[in-house]
Amino acid sequence: MNKLFAIIASLFFVPLTLSADWTEVRIGTEGAYPPWNGTNAAGELEGAEIDMANELCDRMGVNCTFVVQDWDGIIPALLNGKYDVIIAGMSITDERKEKVDFSVGYMTDGACLVVSGDSQMASFSPSKESINLFNTDAATKQVTGQVVALLKGKTVGVQGGTIHQNFVEQYAPSAELKTYSTQDDLNLDMGAGRLDVGLADCGAFDDYMAKADSNLTSIQPTLSGGPFGDGVGGAFRKDDDDLREMFNAAIKSALADGTIGRISKEWFGRDISM
Amino acid sequence: MNFSLIFESFLKILNGLALSLEIIVLSLILGFLASILIVLMRLSKNILFSRFSRGFIFSIRGTPLLVQIYFIYYGLAQFSFIRDSFLWIILKEPFWCGVIALTINTSAYTAEIIRSGLNAISKGQIESATAFGMTKFQTFKRILIPQALRQSIPAYSNEIILMIKSSSLVSIITIMEMTGIARKIISTTFAPIEVFIAAGIIYLFLNYLITIIFRQVEKRYSVSY
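So the protein sequences, as listed, match chains A and B.
Residue numbering for the first sequence follows the working numbering, beginning at 1 and increasing consecutively.
Residue numbering for the second sequence follows the working numbering, beginning at 1001 and increasing consecutively.
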């Protein structure tokens, strides 16, 4: 009986990271953020990051398996050892850097404001098509001010725990913020007309906006920099520098020979590689 | 384990207590009233009424509350004739969608609780009441309902506890009640254990209160055979 108890007890203490020489790598992804990482009708993962991750694993000569995890718990589950790297459209931000380390960025997509085609906001036309919030020139400041004024008092929907939520909280605190656990739910509520404005990566709205009965339209400017961070990268536990360096080398080579550019074109219709 | 985070989260989550209670109390009251109607229909001689009521109870008890909440909030909003109707004034609001879903859910369960309370009353009592010349309504009001309710107290306290816990599900439709706030804190601290411990303590305390209150209620009113 004591032996049995000891065996059962020991099961709880099996180290989660079995090997440090990385022949097997577990990749955590959300599977609900197409075209970055989505799930097709057959229940299989697909998307630009899935193709890219498979390519990177080939280059590193490691065996990769994917683990699907809700966005809510995607960083805690990495820290708890459920997988070894997050590849899930995660932007590199200072807030996240406190908990995880990032690889170099591999892709970057601006954030888009989406509104109903019938709304007055649909005709909003700022003097710049896109703004980078790291810039401090007068033109950027002016357009930023216009966007902030536009969002004032509006109901704005974002996925919870994202750069988009951070942007609204920092720049437009007077907006009524609604947070959703997945992009799908946000799209549905946008379509239902419960929201004035939706904010997410531009590509994340494409599928839904392409639907025949959708009356949504994205307005300028596209947003980047500032709370939107430094592009999208893989996230690692802070003590896995060796694995992060392996990914950095593979990402750099796949960026250099245009592979990531080609994959992003396939899924986004444009090259968003960094 | 970060104890100061537990404490900070605790205070923040308490801000959602009023909204949680509003949703719970409103749904319980509306659900209880609806359940009486459902029981009356269920016991009615009119076959349409009783069939409808039976089907309603079967489908609500047979499907997950999560699915019911999704259906009412996201599902109904898909139909443009609903969005164009007066119903949209209510269905547009996450708060009311949450209350409606919880009300419908608890009404089905409460109806079954009351029905089993009624079934426990012996036929002889109804016959005696009729022999005394009471009308059907009088029999119901004086003989059946008081006994059925007393009979139902333990099961109903259980239902209230379930409702307190179920109310956490409405956070998925953007309602910032206690669980919604907890999830928001987690999205910036990435520390689910500390935050959910804080939320769990509040739910535990609420249910502890309910348990104590109903222990007293049971002592006073419960029937013992």
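Don't read these hints as lab results, they were simulated from the structure.
A portion of the hints provided could be inaccurate.
Calculated lysine-lysine pairs in the DSS-like style (CA-CA distance at most 30 Å, straight line) [as the list claims (entries may be wrong)]:
| hint | chain 1 | residue 1 | chain 2 | residue 2 |
| --- | --- | --- | --- | --- |
| 1 | A | Lys-211 | A | Lys-152 |
| 2 | B | Lys-1165 | B | Lys-1219 |
| 3 | A | Lys-152 | B | Lys-1141 |
| 4 | B | Lys-1123 | B | Lys-1045 |
| 5 | A | Lys-3 | A | Lys-128 |
| 6 | A | Lys-252 | A | Lys-97 |
| 7 | B | Lys-1219 | B | Lys-1092 |
| 8 | A | Lys-265 | A | Lys-128 |
| 9 | A | Lys-141 | A | Lys-97 |
| 10 | A | Lys-141 | A | Lys-152 |
| 11 | B | Lys-1092 | A | Lys-154 |
| 12 | A | Lys-99 | A | Lys-252 |
| 13 | B | Lys-1092 | B | Lys-1141 |
| 14 | B | Lys-1165 | B | Lys-1136 |
| 15 | B | Lys-1045 | A | Lys-154 |
| 16 | B | Lys-1045 | B | Lys-1136 |
| 17 | A | Lys-211 | A | Lys-238 |
| 18 | A | Lys-99 | B | Lys-1136 |
| 19 | A | Lys-211 | A | Lys-141 |
| 20 | B | Lys-1012 | A | Lys-82 |
| 21 | B | Lys-1012 | A | Lys-97 |
| 22 | B | Lys-1123 | B | Lys-1136 |
| 23 | B | Lys-1092 | A | Lys-152 |
| 24 | A | Lys-152 | A | Lys-128 |
| 25 | B | Lys-1165 | A | Lys-82 |
| 26 | A | Lys-211 | B | Lys-1045 |
Here's a subset of chain B near chain A, in silico, CB distances under 8 Å, partners left out [unchecked claim]:
| hint | residue |
| --- | --- |
| 27 | Ala-1077 |
| 28 | Arg-1083 |
| 29 | Ile-1172 |
| 30 | Ser-1187 |
| 31 | Thr-1188 |
We put the beta carbon where it would ideally sit given N, CA and C, even for glycine.
Structure-based check of all given hints:
1. Simply put, A/Lys-211 and A/Lys-152 have alpha-carbon atoms about 29 Å apart, close enough for the 30 Å limit, and the pair holds.
2. Only pairs whose Cα atoms come within 30 Å are accepted, and B/Lys-1165 paired with B/Lys-1219 is accepted, the gap being roughly 25 Å.
3. Simply put, A/Lys-152 and B/Lys-1141 have alpha-carbon atoms about 56 Å apart, too far for the 30 Å limit, and the pair is violated.
4. Between B/Lys-1123 and B/Lys-1045, the direct Cα distance comes to roughly 17 Å. Compliance with the 30 Å bound is thereby established for this hinted pair.
5. Our distance criterion of 30 Å between C-alpha atoms is broken by A/Lys-3 and A/Lys-128, whose separation comes to about 71 Å.
6. Straight-line distance between C-alpha atoms of A/Lys-252 and A/Lys-97 comes to about 20 Å, which keeps the hinted pair within the 30 Å bound.
7. Only pairs whose Cα atoms come within 30 Å are accepted, and B/Lys-1219 paired with B/Lys-1092 is rejected, the gap being roughly 44 Å.
8. A distance of roughly 25 Å separates the Cα atoms of A/Lys-265 and A/Lys-128; the hinted pair therefore holds under the 30 Å criterion.
9. For the suggested pair A/Lys-141 and A/Lys-97, the alpha carbons sit about 27 Å apart, so the restraint of at most 30 Å is met.
10. Between A/Lys-141 and A/Lys-152 the CA atoms are separated by roughly 16 Å; this keeps the pair inside 30 Å, and the hint holds.
11. Pair hint B/Lys-1092 plus A/Lys-154 holds up; C-alpha atoms about 15 Å apart against a cutoff of 30 Å.
12. Straight-line distance between C-alpha atoms of A/Lys-99 and A/Lys-252 comes to about 24 Å, which keeps the hinted pair within the 30 Å bound.
13. Annotation: proposed proximity of B/Lys-1092 to B/Lys-1141 is violated, straight-line Cα distance about 39 Å (limit 30 Å).
14. Distance restraint check for B/Lys-1165 and B/Lys-1136: the Cα-Cα separation of roughly 38 Å exceeds the 30 Å cut-off, and the hinted pair is therefore not satisfied.
15. This hinted pair does not check out: B/Lys-1045 and A/Lys-154 have alpha carbons roughly 53 Å apart, beyond 30 Å.
16. Restraint check: the Cα-Cα separation between B/Lys-1045 and B/Lys-1136 comes to about 13 Å, which is no more than 30 Å; the hinted pair holds.
17. A C-alpha spacing of about 42 Å is found between A/Lys-211 and A/Lys-238, which places the hinted pair above 30 Å, so the restraint is violated.
18. Of the pairs offered as hints, the one joining A/Lys-99 and B/Lys-1136 is violated, with about 69 Å between alpha carbons and a cut-off of 30 Å exceeded.
19. At most 30 Å may separate the alpha-carbon atoms for a hinted pair to count; A/Lys-211 and A/Lys-141 exceed this at roughly 35 Å.
20. In summary, the hint linking B/Lys-1012 to A/Lys-82 is supported, as the alpha carbons are separated by about 29 Å, within the 30 Å threshold.
21. At most 30 Å may separate the alpha-carbon atoms for a hinted pair to count; B/Lys-1012 and A/Lys-97 meet this at roughly 24 Å.
22. Of the pairs offered as hints, the one joining B/Lys-1123 and B/Lys-1136 holds, with about 14 Å between alpha carbons and a cut-off of 30 Å not exceeded.
23. With a C-alpha separation of about 21 Å, the suggested pairing of B/Lys-1092 with A/Lys-152 holds against the 30 Å cut-off.
24. For the proposed pair A/Lys-152 and A/Lys-128, the alpha carbon gap of about 20 Å is at most 30 Å, so the pair holds.
25. For the given pair, B/Lys-1165 sits about 28 Å from A/Lys-82 by alpha-carbon distance, which is consistent with the 30 Å threshold.
26. Annotation: proposed proximity of A/Lys-211 to B/Lys-1045 is violated, straight-line Cα distance about 49 Å (limit 30 Å).
27. Residue-level restraint check for B/Ala-1077 holds (minimum Cβ-Cβ distance to chain A is 3 Å; threshold 8 Å).
28. Because the closest C-beta pair between B/Arg-1083 and chain A is about 6 Å apart, less than 8 Å, the hint holds.
29. Interface hint status for B/Ile-1172: upheld, as the beta-carbon distance to the closest one in chain A is roughly 6 Å, under 8 Å.
30. Of the supplied interface hints, the one on B/Ser-1187 holds, with its beta-carbon coming within about 3 Å of a beta-carbon of chain A, less than 8 Å.
31. A hinted interface residue such as B/Thr-1188 counts as satisfied when its beta carbon comes closer than 8 Å to some beta carbon of chain A; here the least separation is about 7 Å, so the hint holds.
Hint compliance for this structure: hints 3, 5, 7, 13, 14, 15, 17, 18, 19 and 26 are not met, and every other hint is.
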